[in-house]
Amino acid sequence: MTTLTNQDGFTLTELLVVVAIIGILAALAVPLYSGVQDQAKETAFDAQVRELHQAAQLHLTSGGKDAVWAPTPGEKAGTPTAAHETWMNWLERWPENPLENGEFVVEIEDGNIEVMPGR
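Note that my numbering numbers the sequence shown so that position 75 is 75, with each residue one more than the last.
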């Protein structure tokens with residue numbers, strides 16, 4: 001009978017240590033990745049609020065009247081209706097709220113501008 005004297009490869013213990021290390025790294029990486037996604041959504045939300053506020057300021061500066069803008073998210077400025085005609089002068093498309101997967105509402109009253117999540 002022939003016996004093997006030189007066995008190449010990894011032992012079971014070495015493989016278990018490697019798998020445990022990979023598991024620990026994955027457990028640390030997933031929450032960090034989730035936090036980055038949340039931060040990106042908050043940054044996008046802030047940018048879209050600023051964009052809507054600037055559009056409303058342009059509306060007022062050009063002699064626009066009080067208005068409530070609440071179109072469908074993603075609606076494009078190409079087919080104006082009486083209700084949405086004013087925002088279409090300042091925005092290419094209506095942004096979507098990334099935090100709540102919803103819409104934004106812009107209220108312009110007596111020179112005051114309020115941008116808020118949709119109702």
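Hints in this document: simulated from the structure, not taken from any laboratory. Think of the CB as a built atom: it goes at the ideal place given N, C-alpha and C, for glycine as much as any other residue. Among the hints, a few may not be true.
Per label pair, the in silico range of CB-to-CB distance [what the hints assert, rightly or not]: (1) K65 x L25: 25 to 35 Å; (2) E100 x L60: 25 to 35 Å; (3) E100 x G9: 46 to 56 Å; (4) D38 x E109: 26 to 36 Å; (5) E51 x V17: 46 to 56 Å; (6) L15 x G102: 45 to 55 Å; (7) A26 x D66: 45 to 55 Å; (8) R93 x V17: 28 to 38 Å; (9) V19 x E114: 29 to 39 Å; (10) L12 x A44: 25 to 35 Å; (11) L25 x E107: 28 to 38 Å.
So, going through the hints one by one against the coordinates:
Between K65 and L25 the CB atoms are about 58 Å apart, so this pair departs from the stated range of 25 to 35 Å. At roughly 27 Å, the beta carbons of E100 and L60 sit within the given window of 25 to 35 Å. Checked against the given bound of 46 to 56 Å, the beta carbons of E100 and G9, roughly 54 Å apart, stay inside it. The hint said 26 to 36 Å for the Cβ distance between D38 and E109, and at roughly 32 Å that hint holds.
The hint said 46 to 56 Å for the Cβ distance between E51 and V17, and at roughly 51 Å that hint holds. One distance hint, 45 to 55 Å for the beta-carbon pair L15 and G102, holds here, with the actual separation near 48 Å. Taking 45 to 55 Å as the suggested C-beta distance range, the pair A26 and D66 conforms, at roughly 54 Å. Roughly 53 Å separates the CB atoms of R93 and V17, a value that falls outside the hinted 28 to 38 Å.
Taken as a hint, the range 29 to 39 Å is violated for the pair V19 and E114, whose Cβ atoms sit roughly 54 Å apart. The given range of 25 to 35 Å is broken by L12 and A44, whose C-beta atoms sit roughly 48 Å from each other. Separation of L25 from E107 is about 48 Å and departs from the stated range, judged on CB atoms against 28 to 38 Å.
Going down the numbered hints, you'll see the structure goes against 1, 8, 9, 10 and 11, while the others check out.
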